[in-house]
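Asks: Protein chains in written order, with the working numbering: chain R, 4 to 309; chain P, 65 to 499.
A couple of the hints might just be wrong.
Within a straight-line C-alpha distance of at most 30 Å, the following computed DSBU-like cross-link-like pairs (lysine-lysine) qualify [what the hints assert, rightly or not]: (1) Lys-120/R to Lys-454/P; (2) Lys-356/P to Lys-380/P; (3) Lys-70/R to Lys-479/P; (4) Lys-255/R to Lys-453/P; (5) Lys-70/R to Lys-453/P; (6) Lys-479/P to Lys-302/R; (7) Lys-459/P to Lys-308/R; (8) Lys-76/R to Lys-479/P; (9) Lys-479/P to Lys-18/R; (10) Lys-142/P to Lys-80/P; (11) Lys-417/P to Lys-359/P; (12) Lys-156/P to Lys-101/P; (13) Lys-417/P to Lys-454/P; (14) Lys-308/R to Lys-384/P; (15) Lys-18/R to Lys-384/P; (16) Lys-302/R to Lys-490/P; (17) Lys-80/P to Lys-215/P; (18) Lys-120/R to Lys-161/R; (19) Lys-384/P to Lys-356/P; (20) Lys-16/R to Lys-490/P; (21) Lys-454/P to Lys-101/P; (22) Lys-252/P to Lys-215/P; (23) Lys-142/P to Lys-308/R; (24) Lys-156/P to Lys-490/P; (25) Lys-255/R to Lys-454/P; (26) Lys-302/R to Lys-215/P; (27) Lys-380/P to Lys-479/P; (28) Lys-142/P to Lys-156/P; (29) Lys-338/P to Lys-359/P.
Hints listed in this document are in silico derivations from the structure and should not be mistaken for laboratory results.
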Amino acid sequence: MNNMIVSYAPHIKDKITTNRIMLDVIIALIPAFIASVWIFGPRAAVVTGVCVITCVFCEWAFQKAMKRTVTVKDLSACITGILLAFNLPVGIPLWQAVFGSAVAIVFVKQLFGGIGKNFANPAITARIVMFIAFPITMTTWVQIPDSVTAATPLALMKRGELEALPEMLNMFIGTRGGCLGETSALALLTGGVYLLIRRVITWHTPVAFIATVFLLTAIAGAQPMYHLFAGGLFIGAIFMATDYPTTPQTSKGRIIFGIGCGVFTVLIRLFGSYPEGVSFAILLMNMVVPHINRLTMTKALGGAKS
Amino acid sequence: MLQVRRIPGLPVPHFKNTALNPPDMIPVPAEVTLPMKMHGGAPARPVVGPGDSVKAGQLIGEAGGRVSSPVHASVSGKIKSINDIDGLTGQKAVSITIAPDGEQTVHEDIAPVNVTNTQEFLKAVQDSGVVGLGGAGYPTAPKLTLKDGVKLDYILINGAECEPYITSDTRTMVDEAEYVWQGALLLKEYIRPEKIVICIEDNKPEAIKKMRGLSAGVSGMEVRALPSMYPQGERKVLVYNITGRIVPEGGRLTDVGCIVINCTTVAVIAKYIKTGMPLVSRCVTVDGSAVKNPKNVIAPIGTPIRELLDFCGGLKDDVKKIILGGPMMGTAVPNLDVPIVKVTNAVLAFSAKESVLSEPSNCIKCGRCIAKCPMGLMPSHIEEAFLLKKVEQLKAYKVNMCAECACCAYLCPAKRPLSQVMALSKNILWEAGQP
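Please model the entire structure based on the sequences and the hints provided.
Replies: Written out as structure tokens, the structure reads:
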């Protein structure tokens with residue numbers, strides 16, 4: 004009776020764990036996964052599988068090699084794999100997918116200390132690296148059945164070929180050209196609602212991000228509805244701009260982050276040489292997160308100015 | 065006043081298993097140990113020596129300063145020893161051990177106290193040995209002694225009891241409703257606030273009903289049912305939720321015209337004035353998964369927790385953790401010889417399953433601790449500053465305003481020991497001489 008555990012309060016804790024949060028994100032990505040296979044065929048599943056396996060393996064191998072605690076069980080590497088795959092064209096050579104996954108886990112995540120320590124979103128940064136390293140395969144889109152062209156709606160808008168744009172309904176359910184997991188706004192929204200209900204994410208960043216893109220493109224007179232559903236806005240706003248370690252921790256900060264992402268996205272889409280800007284926008288905003296955090300410190304109850 | 069901001073709270077589980085259980089008196093224990101410091105401020109000074117005979121209610125330790133509290137014998141018997149090492153912390157601390165004679169002979173000086181003015185009332189409060197029984201342990205008499213020019217608008221009688229499991233305040237408000245009420249009337253008469261509000265969480269309908277029945281039609285008295293959320297009973301949270309007033313950083317509650325006082329404390333004051341019996345016993349909730357028959361008990365102060373647990377059918381074999389106080393803010397103790405003190409409102413015992421600590425993993429910066437901090441602090445940032453020993457940053461993050469309610473650590477998905485970090489950070493600031 005004299006060997007009791009003595010530990011600091013609290014002695015009860017909430018059921019929530021990092022693991023459970025990651026599992027919820029994976030569950031939230033399932034509709035988009037199903038949509039991707041339905042729209043782009045079984046190769047979508049192959050690319051996703053390759054990315055997930057590579058990410059998990061790289062995390063395990065790196066931590067083993069560095070003699071660190073292996074944390075693949077927290078499922079975060081799994082999410083990075085899924086998100087990276089969702090940001091690739093379905094026809095991507097598999098060795099390039101493997102390369103991208105390794106960049107995401109080793110360079111962007113583990114070299115900074117692993118989960119929670121990376122300042123940039125691994126999937127997004129890896130996608131940008133691949134975009135620059137493999138410009139051809141990263142922009143070779145597969146034409147899906149019933150579609151006029153393989154080109155993405157954003158590319159069409161960039162070239163001014165507005166008559167070739169898909170119907171709005173196709174834009175919403177995702178039967179259009181694009182990366183394999185980004186096209187179905189419907190599926191991504193379903194996942195987003197799940198994450199909100201499970202309180203994994205808050206509404207601030209996605210709403211601020213999407214609203215900013217809509218407003219700015221509307222002001223610019225540039226097909227705001229298409230800008231909403233085209234490209235990677237929904238997957239970016241719901242799943243990437245809400246990644247905990249690389250985004251602000253306060254509600255106010257999250258709104259600022261979302262607006263910043265929206266502004267950069269629209270600037271790149273309308274004025275940049277690339278048709279799509281979501282990845283660059285999020286990466287840019289990742290870099291200012293410490294400053295946003297500092298600017299949006301919460302006010303202590305009764306706290307004096309300091 | 066207009067409420068501008070809702071203080072976030074946690075829907076912690078209630079586990080008020082013993083709420084309907086009036087306390088049973090435990091038999092006279094084999095030994096009681098009364099620490100001279102069961103309160104904030106200076107320790108009491110022993111006024112008896114080994115071998116002396118004492119009677120129940122007799123003064124054995126006089127207040128050691130203005131902010132201090134006297135200690136009384138909780139049993140009749142013989143002083144066995146005066147120890148100078150605290151068995152729990154191993155630090156130097158005086159305590160008096162009494163071997164009871166089992167008679168519980170009441171000391172002859174115990175008689176109703178005559179109170180006619182504020183000064184006599186405050187003296188009676190001090191002599192009763194009462195301290196903040198909600199857990200803070202700050203001596204009540206200095207708290208009620210107002211500085212000149214302080215205008216007191218509110219006395220909030222705290223019956224929130226927002227910690228899981230604990231029901232001793234609930235039982236006091238139900239079983240000793242009359243004393244709580246008499247105490248409230250005494251405060252009204254002698255401390256003279258504009259208004260007294262008895263604050264009770266809405267998961268205690270019986271207590272609310274009793275208090276409403278007593279206060280019906282009395283001007284300047286109100287019973288307020290509050291939503292059951294943790295930490296509703298934290299004093300600054302309570303002041304804000306009842307009055308909308310915000311206690312300034314580094315300030316006292318009286319700066320915004322408020323005093324918060326625990327409901328059991330109020331009952332003890334009334335009881336002392338009516339009977340003359342100082343604070344020598346109290347209601348303690350004995351509960352937790354490793355207790356065979358959880359119930360409320362009344363035990364002499366200084367009783368080893370072993371006796372309380374034995375009275376409740378003993379412990380299950382897989383017991384692994386014992387806590388004095390609630391599971392959110394209570395203290396885990398290493399063994400069963402630790403005595404209950406004035407502020408011990410609960411003894412909880414948990415089995416291995418609930419006691420095993422989860423290994424902390426990296427902070428994922430989810431912001432849950434920030435969103436739910438009732439004080440509006442940023443625990444995740446404070447932890448970063450703490451790990452880097454950045455004194456200036458700890459100051460900027462106002463860690464000294466932390467109420468140590470432990471909401472942050474309760475919520476943390478990475479199971480980081482945030483509440484411990486808050487306490488240690490305060491130490492760092494204190495050592496750096498920059499509070």
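Asks: Hints first: check each against the structure and report whether it holds.
Replies: Evaluation of the provided hints:
Only pairs whose Cα atoms come within 30 Å are accepted, and Lys-120/R paired with Lys-454/P is accepted, the gap being roughly 19 Å. Between Lys-356/P and Lys-380/P the alpha-carbon distance is near 6 Å, which keeps this suggested pair within the 30 Å criterion. Restraint check: the Cα-Cα separation between Lys-70/R and Lys-479/P comes to about 23 Å, which is no more than 30 Å; the hinted pair holds. Using a Cα cut-off of 30 Å, the hinted pair Lys-255/R and Lys-453/P holds, with the two alpha carbons roughly 27 Å apart.
Only pairs whose Cα atoms come within 30 Å are accepted, and Lys-70/R paired with Lys-453/P is accepted, the gap being roughly 27 Å. For the suggested pair Lys-479/P and Lys-302/R, the alpha carbons sit about 25 Å apart, so the restraint of at most 30 Å is met. For the given pair, Lys-459/P sits about 12 Å from Lys-308/R by alpha-carbon distance, which is consistent with the 30 Å threshold. With a C-alpha separation of about 16 Å, the suggested pairing of Lys-76/R with Lys-479/P holds against the 30 Å cut-off.
With a C-alpha separation of about 10 Å, the suggested pair Lys-479/P and Lys-18/R falls inside the 30 Å cut-off, and the hint holds. Taking the CA atoms of Lys-142/P and Lys-80/P, the gap is near 38 Å; set against the 30 Å cutoff, the hint is violated. A threshold of 30 Å between alpha carbons decides the hint, and for Lys-417/P with Lys-359/P the separation of about 22 Å falls inside it, so the pair holds. This hinted pair checks out: Lys-156/P and Lys-101/P have alpha carbons roughly 11 Å apart, not beyond 30 Å.
The suggested pairing of Lys-417/P with Lys-454/P is violated, with an alpha-carbon distance near 37 Å, which exceeds 30 Å. Simply put, Lys-308/R and Lys-384/P have alpha-carbon atoms about 45 Å apart, too far for the 30 Å limit, and the pair is violated. Only pairs whose Cα atoms come within 30 Å are accepted, and Lys-18/R paired with Lys-384/P is accepted, the gap being roughly 20 Å. For the suggested pair Lys-302/R and Lys-490/P, the alpha carbons sit about 19 Å apart, so the restraint of at most 30 Å is met.
Straight-line distance between C-alpha atoms of Lys-80/P and Lys-215/P comes to about 37 Å, which puts the hinted pair past the 30 Å bound. In summary, the hint linking Lys-120/R to Lys-161/R is not supported, as the alpha carbons are separated by about 37 Å, beyond the 30 Å threshold. Using a Cα cut-off of 30 Å, the hinted pair Lys-384/P and Lys-356/P holds, with the two alpha carbons roughly 14 Å apart. Between the alpha carbons of Lys-16/R and Lys-490/P the distance comes to roughly 23 Å, so the proposed pair stays at or under 30 Å and holds.
Distance check on the hinted pair: Lys-454/P and Lys-101/P sit about 33 Å apart at the alpha-carbon level, beyond 30 Å; violated. The hinted pair formed by Lys-252/P and Lys-215/P meets the criterion: a straight-line CA distance of about 14 Å does not exceed 30 Å. Under the criterion of a C-alpha separation no larger than 30 Å, the hint pairing Lys-142/P with Lys-308/R is inconsistent with the structure, at around 57 Å. Between Lys-156/P and Lys-490/P the alpha-carbon distance is near 22 Å, which keeps this suggested pair within the 30 Å criterion.
For the given pair, Lys-255/R sits about 25 Å from Lys-454/P by alpha-carbon distance, which is consistent with the 30 Å threshold. The suggested pairing of Lys-302/R with Lys-215/P holds, with an alpha-carbon distance near 27 Å, which does not exceed 30 Å. At roughly 27 Å between alpha-carbon atoms, Lys-380/P and Lys-479/P fall within 30 Å of each other, so this suggested pair holds. A distance of roughly 23 Å separates the Cα atoms of Lys-142/P and Lys-156/P; the hinted pair therefore holds under the 30 Å criterion.
Note on Lys-338/P and Lys-359/P: the hinted pairing holds, with a Cα-Cα distance of about 28 Å set against a maximum of 30 Å.
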